[in-house]
Structures are given as structure tokens and as C-alpha cells.
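Q: Same order as they appear, the protein sequences are chains G and X. Numbered according to our numbering, the first sequence spans residues 1 to 113. Numbered according to our numbering, the second sequence spans residues 114 to 222.
For the record, the hints were derived by calculation from the structure and aren't laboratory data. On a predicted model such as this, the values are computed, not experimentally measured, just so you know. Accuracy of the hints is not assured; some may be wrong.
Derived coverage of chain G by chain X (criterion: at least 3 residues anywhere in the stretch with Cβ under 8 Å from a Cβ of chain X; other residues may be distant) [unchecked claim]:
hint: 1; segment: 48–57
hint: 2; segment: 61–68
hint: 3; segment: 89–102
So the derived label-pair ranges between C-beta atoms look like this [what the hints assert, rightly or not]:
hint: 4; chain 1: G; residue 1: T22; chain 2: X; residue 2: E128; range: 38 to 44 Å
hint: 5; chain 1: G; residue 1: L11; chain 2: X; residue 2: S182; range: 41 to 47 Å
hint: 6; chain 1: G; residue 1: N7; chain 2: X; residue 2: K115; range: 39 to 45 Å
hint: 7; chain 1: G; residue 1: T15; chain 2: X; residue 2: K169; range: 31 to 37 Å
hint: 8; chain 1: X; residue 1: S195; chain 2: G; residue 2: R9; range: 22 to 28 Å
hint: 9; chain 1: G; residue 1: L11; chain 2: X; residue 2: R190; range: 27 to 33 Å
hint: 10; chain 1: X; residue 1: T137; chain 2: G; residue 2: N28; range: 34 to 40 Å
hint: 11; chain 1: G; residue 1: G63; chain 2: X; residue 2: R190; range: 41 to 47 Å
hint: 12; chain 1: G; residue 1: D56; chain 2: X; residue 2: T219; range: 20 to 26 Å
hint: 13; chain 1: X; residue 1: N140; chain 2: G; residue 2: L113; range: 21 to 27 Å
hint: 14; chain 1: G; residue 1: N51; chain 2: X; residue 2: Y152; range: 27 to 33 Å
Just so you know, even glycine gets a beta-carbon here, dropped at the ideal spot from N, CA and C.
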Amino acid sequence: EAQVTQNPRYLITVTGKKLTVTCSQNMNHEYMSWYRQDPGLGLRQIYYSMNVEVTDKGDVPEGYKVSRKEKRNFPLILESPSPNQTSLYFCASSVLGLNNEQFFGPGTRLTVL
Amino acid sequence: QKEVEQDPGPLSVPEGAIVSLNCTYSNSAFQYFMWYRQYSRKGPELLMYTYSSGNKEDGRFTAQVDKSSKYISLFIRDSQPSDSATYLCAMRSGNQFYFGTGTSLTVIP
């Protein structure tokens with residue numbers, strides 16, 4: 001089954017404790033992206049990657065890091081999480097064809113205390 | 114000013130009604146326009162896309178883009194309870210995507 005998986009699905013952590021949210025896709029997509037979704041602010045792009053070893057900042061990259069060492073994986077790293085990073089995070093992948101369809105993962109609910 | 118503005122609603126309509134959802138944008142560089150549907154506790158799924166001004170129809174759904182006014186719309190005909198979801202407009206500039214805040218729609222049987 002073609003899908004984007006994220007882990008963990010739910011995470012409660014404390015300020016300053018480094019964490020990684022994993023994202024993996026099995027569709028051989030070149031393009032992968034991370035978003036955060038907040039009430040009243042909608043879905044905002046954090047980072048995206050056009051291919052292995054190619055990453056770029058989105059609209060809200062501060063406080064986040066990413067890496068793309070393999071085509072299928074695109075982990076999101078929070079080196080020192082803060083409460084304002086409490087959010088719902090989505091990973092997505094795409095071939096960026098004419099329809100620009102992005103396939104989204106199920107989401108990761110992160111709470112930083 | 115946000116790149117993409119969308120009325121968050123909520124919008125509540127009776128079954129069978131015509132629904133109109135809208136977004137405005139400020140960036141003339143946006144080239145591709147999409148509508149995603151997001152059910153509760155799920156990731157968004159692509160519903161419609163277009164890359165030019167005009168109308169595009171797919172079953173009960175019609176997407177409309179007016180680049181001169183920087184305005185896009187999604188119309189849902191004969192709305193069904195299963196259409197109850199949050200609808201997000203999305204736009205692409207280069208390799209970046211910008212989403213609206215989403216409009217929450219409830220279709221009452």
C-alpha cells in the first residue's frame with residue numbers, strides 16, 4: 001500500500017529535550033516536506049526537500065532541522081524544543097507533477113511542556 | 114498580511130445545498146492552485162487542482178480561479194453529510210506551498 005508513515009503519532013516532552021520525528025514514504029517520491037498545523041494559522045511549511053541531500057527552508061524553519069540521506073526518509077529534528085513548537089506536524093511526499101498532489105502522513109501530535 | 118486568506122467558518126448547510134468556499138491571495142507568483150479536504154484526525158487529501166484561470170469540474174465539485182482578482186473558489190453541488198470536513202486551499206510558488214487556514218464544513222442530513 002502506497003503511504004507516508006510518521007512516528008511517533010503522539011509525543012509529550014519537556015523544553016530542551018532533543019527529539020526526532022521520523023517520516024518515511026514508499027512511493028519513490030523525490031519531493032518531501034514537513035508542515036505544522038495550528039488553529040487559526042493553518043498548515044505552514046517548515047522544510048522541504050527536492051531530493052537526497054537537497055533541503056530548503058519553508059515558511060517557518062526556525063527551531064527545526066531536517067536531513068535527507070535516503071530518498072524514502074525525511075526526519076524532522078527539534079534540537080531544543082520549546083512550548084511554541086507544540087503543534088500537529090504532517091510529513092508529505094510528492095512527484096510534483098502537474099497536479100502537485102502531496103500525500104500526507106497521519107500526523108504527529110507534539111506537546112512541549 | 115498572510116499570503117493566503119481563507120474564511121475559517123464554520124459553515125453549516127443542509128444536505129443537498131450548494132456550498133461555496135473561497136480563498137484570496139496576494140502573491141502574483143502563485144502558479145498552481147489546489148483544494149485539499151481534511152477529515153478529523155487525518156492528513157489532508159487532494160480534491161481538485163488547476164493551474165490556469167477558469168473553471169474545472171469533477172463530479173459534484175467545481176474549482177474556479179480568477180488570477181486577475183487573486184481569488185479562487187470551490188463549489189460543492191448536492192452536498193452530502195460525507196462532505197463534512199475541513200477544506201484547505203493551497204498554492205504553489207516555485208517549490209514552496211502555501212495553505213489557507215481551512216474552512217470547516219458540516220452538512221446536516
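Q: Please go over all the hints and tell whether each is borne out by the structure.
A: Against the structure, the hints come out as follows:
Counting residues of the segment 48–57 of chain G whose beta carbon lies closer than 8 Å to any beta carbon of chain X gives 3, which meets the minimum of three for the stated coverage. For the segment 61–68 of chain G, the proposed coverage by chain X is not satisfied: 0 residues have a C-beta within less than 8 Å of a C-beta in that chain, short of the threshold of three. Coverage of the segment 89–102 of chain G by chain X holds [criterion: at least 3 residues with CB-CB distance below 8 Å; count 8]. In this structure the hint that T22 of chain G and E128 of chain X lie 38 to 44 Å apart at CB holds, the actual value being about 41 Å.
The beta-carbon spacing between L11 of chain G and S182 of chain X, approximately 43 Å, falls within the hinted interval of 41 to 47 Å. At roughly 31 Å, the beta carbons of N7 of chain G and K115 of chain X sit outside the given window of 39 to 45 Å. Judged by the Cβ atoms, the range 31 to 37 Å given for T15 of chain G and K169 of chain X is violated: they are separated by roughly 47 Å. Restraint check, S195 of chain X to R9 of chain G: a C-beta distance of roughly 25 Å satisfies the suggested window 22 to 28 Å.
The supplied range of 27 to 33 Å is broken by L11 of chain G and R190 of chain X, whose beta-carbon atoms lie about 41 Å from each other. Between T137 of chain X and N28 of chain G the Cβ separation comes to about 36 Å, which falls inside the hinted range of 34 to 40 Å. The given range of 41 to 47 Å is respected by G63 of chain G and R190 of chain X, whose C-beta atoms sit roughly 44 Å from each other. In this structure, D56 of chain G and T219 of chain X break the distance hint of 20 to 26 Å, their C-beta atoms being roughly 37 Å apart.
At roughly 37 Å, the beta carbons of N140 of chain X and L113 of chain G sit outside the given window of 21 to 27 Å. For N51 of chain G and Y152 of chain X, the Cβ-Cβ distance of about 31 Å falls inside the hinted range of 27 to 33 Å, so the restraint holds.
In this structure, the hints that do not hold are numbers 2, 6, 7, 9, 12 and 13, in rising order.
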